[in-house]
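The listed protein sequences derive, respectively, from chains U and R.
Quick note, my numbering runs 11 ahead of the 1-based positions in the first sequence.
Quick note, my numbering runs 30 ahead of the 1-based positions in the second sequence.
Some hints here could point you the wrong way.
Unchecked claim - List time: in silico SDA-like cross-link candidates among lysine to any residue, alpha-carbon distance up to 25 angstroms:
| # | chain 1 | residue 1 | chain 2 | residue 2 |
| --- | --- | --- | --- | --- |
| 1 | U | 111 | R | 95 |
| 2 | U | 60 | U | 75 |
| 3 | U | 121 | R | 69 |
Unchecked claim - Reference listing, derived: stretches of chain R covered by chain U, where coverage requires no fewer than 3 residues with Cβ under 8 angstroms from a Cβ of chain U:
| # | stretch |
| --- | --- |
| 4 | 69-83 |
| 5 | 133-142 |
I should point out that these hints are in silico values taken from the structure, not numbers from a laboratory.
Think of the CB as a built atom: it goes at the ideal place given N, C-alpha and C, for glycine as much as any other residue.
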Amino acid sequence: AQSVTQPDIHITVSEGASLELRCNYSYGATPYLFWYVQSPGQGLQLLLKYFSGDTLVQGIKGFEAEFKRSQSSFNLRKPSVHWSDAAEYFCAVVISGTYKYIFGTGTRLKVLA
Amino acid sequence: EAGVTQSPTHLIKTRGQQATLRCSPISGHTSVYWYQQALGLGLQFLLWYDEGEERNRGNFPPRFSGRQFPNYSSELNVNALELEDSALYLCASSPRVTGNEQFFGPGTRLTVL
Chain U
12 AQSVTQPDIH ITVSEGASLE LRCNYSYGAT PYLFWYVQSP GQGLQLLLKY
62 FSGDTLVQGI KGFEAEFKRS QSSFNLRKPS VHWSDAAEYF CAVVISGTYK
112 YIFGTGTRLK VLA
Chain R
31 EAGVTQSPTH LIKTRGQQAT LRCSPISGHT SVYWYQQALG LGLQFLLWYD
81 EGEERNRGNF PPRFSGRQFP NYSSELNVNA LELEDSALYL CASSPRVTGN
131 EQFFGPGTRL TVL
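Extracted from the complex, chain R is given alone in its bound form:
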């Protein structure tokens, strides 16, 4: 069974540009979660999608947005990039069963210059 995949592995952008990160969940998982892991800050919850709808978002500005497609894959968009957006962005998937663990992808390393 294939795990959670993310693309690209690395992404280098400059300030003010837009970044698009992609995530494919494990087959059968309807929930996708996005996290930002900046150096020394642990995992910060960004967004949760389930069945194509945004269910919850963390304490991030609106320039962080995303969507979930009918096949449950997901896209995270970051507009007007700032230097502090440089981080590892992790995607996780889970079946929508309360208490189930999340399965993580390898992450996308975003560097903003």
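Excised from the complex, chain U in its bound form:
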């Protein structure tokens, strides 16, 4: 069955430090890939998405993600974290040719001043 794994439930980084959030998916073909962010008590906001082409994708708020087919990964990165980045981050996939969205369990980011 298709699945999305975010192996880190919690991550704590210091403000100004770099960040990488991991996402792995289980699916034979390349799906559509997304990263969303959720601030406390809020809905989800799209950070970036990958459909095809350049495997390094730029998103909003200074985030980027790299698709690696060989590793079935789509990790989210930011070179310098700001305190306002503290939130929960969700990776999601859509299986090509379907409308089925699968979300990971999320990674909660804490930023130390």
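Using the hints provided, position chain R relative to the given structure of chain U.
Leaving out everything else, chain R in the frame of chain U:
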């Protein structure tokens, strides 16, 4: 352009009662998705409606049901409420184009006492 709206923002019910949650999608979006986000459990897919029809449902009992109206707004009904139904219920909309991202509303916080 107005985003996805949900009402009410908060809802408090007691065990055994029924809850009705409402969602208005972005104009032009025909698909509406419902998710349950209970504490520590990530996003659990509930239901997908498109063009007035239920297209898919997640692993939830039949007391979770809903419908989509001709204007594509949607209603989620939860009957015979149980304490574990307490959660944030998120609605998302999308045009019915494979691979399109979902746009989320702010959610309805349901508390069952």
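Hint-by-hint comparison with the structure:
| no. | hint | in the structure |
| --- | --- | --- |
| 1 | U/111 x R/95 | 19 angstroms, holds |
| 2 | U/60 x U/75 | 10 angstroms, holds |
| 3 | U/121 x R/69 | 17 angstroms, holds |
| 4 | 69-83 | holds (count 6) |
| 5 | 133-142 | holds (count 6) |
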